[in-house]
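2 protein chains.
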Amino acid sequence: MKRIAIDMDEVIADLFTSQLTMFNNDYKENISPEDIMGKKLRHHRPDLTEELSNYLKQPTFFRDLEVIEDSQEVIKELSKHYEIFITTAAMEYPTSFTEKYEWLKKHFPFLNDMNFVFCGDKSIIHADYLIDDNVRHFKGFSGQGVLYTANHNINEIGYDRVNNWQEVKDYFSKRVK
Amino acid sequence: MKRIAIDMDEVIADLFTSQLTMFNNDYKENISPEDIMGKKLRHHRPDLTEELSNYLKQPTFFRDLEVIEDSQEVIKELSKHYEIFITTAAMEYPTSFTEKYEWLKKHFPFLNDMNFVFCGDKSIIHADYLIDDNVRHFKGFSGQGVLYTANHNINEIGYDRVNNWQEVKDYFSKRVK
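The listed protein sequences correspond, in order, to chains A and B.
The first sequence begins at 1 in this note's numbering and counts up one residue at a time.
The second sequence begins at 1 in this note's numbering and counts up one residue at a time.
Quick caveat, the hints were computed from the structure, so don't treat them as lab data.
Hints may be right or wrong, so weigh each one.
Because identical chains share one entry, a pair is satisfied inside a single copy or across any pair of copies.
[What the hints assert, rightly or not] The list that follows gives simulated cross-link-like pairs (lysine-lysine, DSBU-like), each with its CA atoms no further than 30 Å apart:
#1 Lys40 <-> Lys174
#2 Lys57 <-> Lys80
#3 Lys105 <-> Lys169
#4 Lys57 <-> Lys106
#5 Lys57 <-> Lys2
#6 Lys57 <-> Lys105
#7 Lys39 <-> Lys28
#8 Lys106 <-> Lys28
#9 Lys28 <-> Lys105
#10 Lys28 <-> Lys139
#11 Lys80 <-> Lys139
#12 Lys139 <-> Lys76
#13 Lys2 <-> Lys28
#14 Lys57 <-> Lys28
Bound conformation, chain A alone:
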């Protein structure tokens, strides 16, 4: 059985929408996703890099993230044909460990928590595929990287790309056959 490693933030957990909403509220801004296409919010407001990072250090931030559309259904289906691991770069926000774990147990109860991985450098991941929104994690990864479209990575080229979970389903259903 082949193995798919799946990132959390911006792949199954909608970090971007939460962060943008909090930012617009706190700074009386009205930035839309289109305004910052191709970059992260911290690149749009480098003067507020620390404040933006602080959102992610709030214990409740990760707990309350919305689930990305269709990810639950598609992962459940994929888990019949593939070994599924959730591999998240949690070391960047050590205060998030417990919330990330509880979020996964709540929203993906059908996954085995022995297959959750909190790491930093994802070259440590031994899998056939890695679905991730950050291309830096494909460097050194020994399997096939699959770029999950996020606002910030829209201009990246040269990778297998999926735009939503229905496309993830198609991508892998072709491979099983």
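With the hints as your guide, set chain B onto chain A.
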């Protein structure tokens, strides 16, 4: 540069001594390591499996563990020639995440926290070597397993074995040369 993945509990963190001391104190016992050679404490007292597991769920338990002798010096030396990752099966005790992270930052400040991995099933680890006291983690591991001697694994045969950190040093110095 080749990569060594290193387990925490019973390899760099002395979980066994702490657990045995607490157990003897709480249950007015006087069990020595020799009394339970070749097995874990929970196999010696299966009636107390849950109570023994509860020790590991106390938030302070992992924070206060002693460092295994010579592990700091040898890992520091090894890190000149190898990529070092710390790979711990933290998903078994989700309440331990923060304490394990802080313990590593305190006792191994020279390691990059991007190379810390909290996981469950270690077949996800992509490394050339895995130093671990639990042989079950070698099953499915794609590299070379190196069994670090612990009280409970003393009767395991068929593995490369190291009895202390000086032997780890010797094991890898031969390979670099």
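So, going through the hints one by one against the coordinates:
Proximity of Lys40 to Lys174 under the C-alpha cut-off of 30 Å is found in neither arrangement, the shortest distances being 32 Å within a copy and 47 Å between copies. Taking the closest pair of Cα atoms, Lys57 and Lys80 never come within 30 Å of each other, the shortest separation being 35 Å inside a single copy and 33 Å across copies. In this assembly of identical chains, Lys105 and Lys169 lie within 30 Å of each other by CA distance solely inside one copy; the values are 22 Å within and 40 Å between copies. Proximity of Lys57 to Lys106 under the C-alpha cut-off of 30 Å is found in both arrangements, the shortest distances being 20 Å within a copy and 20 Å between copies.
In this assembly of identical chains, Lys57 and Lys2 lie within 30 Å of each other by CA distance neither inside one copy nor across copies; the values are 35 Å within and 34 Å between. In this assembly of identical chains, Lys57 and Lys105 lie within 30 Å of each other by CA distance both inside one copy and across copies; the values are 20 Å within and 18 Å between. For the identical chains of this complex, Lys39 and Lys28 are intra-copy neighbours only, at 20 Å inside a copy versus 62 Å across copies, given an alpha-carbon limit of 30 Å. Taking the closest pair of Cα atoms, Lys106 and Lys28 never come within 30 Å of each other, the shortest separation being 33 Å inside a single copy and 40 Å across copies.
In this assembly of identical chains, the alpha carbons of Lys28 and Lys105 never lie at most 30 Å apart, being 35 Å within a copy and 38 Å across copies at closest. For the homomeric pair Lys28 and Lys139, neither the shortest alpha-carbon distance inside one copy (38 Å) nor that between copies (54 Å) is at most 30 Å. With identical chains, the CA atoms of Lys80 and Lys139 are at most 30 Å apart both within one copy (28 Å) and between copies (22 Å). With identical chains, the CA atoms of Lys139 and Lys76 are at most 30 Å apart both within one copy (28 Å) and between copies (26 Å).
Taking identical chains as interchangeable, the C-alpha atoms of Lys2 and Lys28 are never at most 30 Å apart, the minima being 47 Å within one chain and 50 Å between chains. For the identical chains of this complex, Lys57 and Lys28 are intra-copy neighbours only, at 21 Å inside a copy versus 43 Å across copies, given an alpha-carbon limit of 30 Å.
The structure does not agree with the numbered hints 1, 2, 5, 8, 9, 10 and 13 stated previously, though it agrees with the rest.
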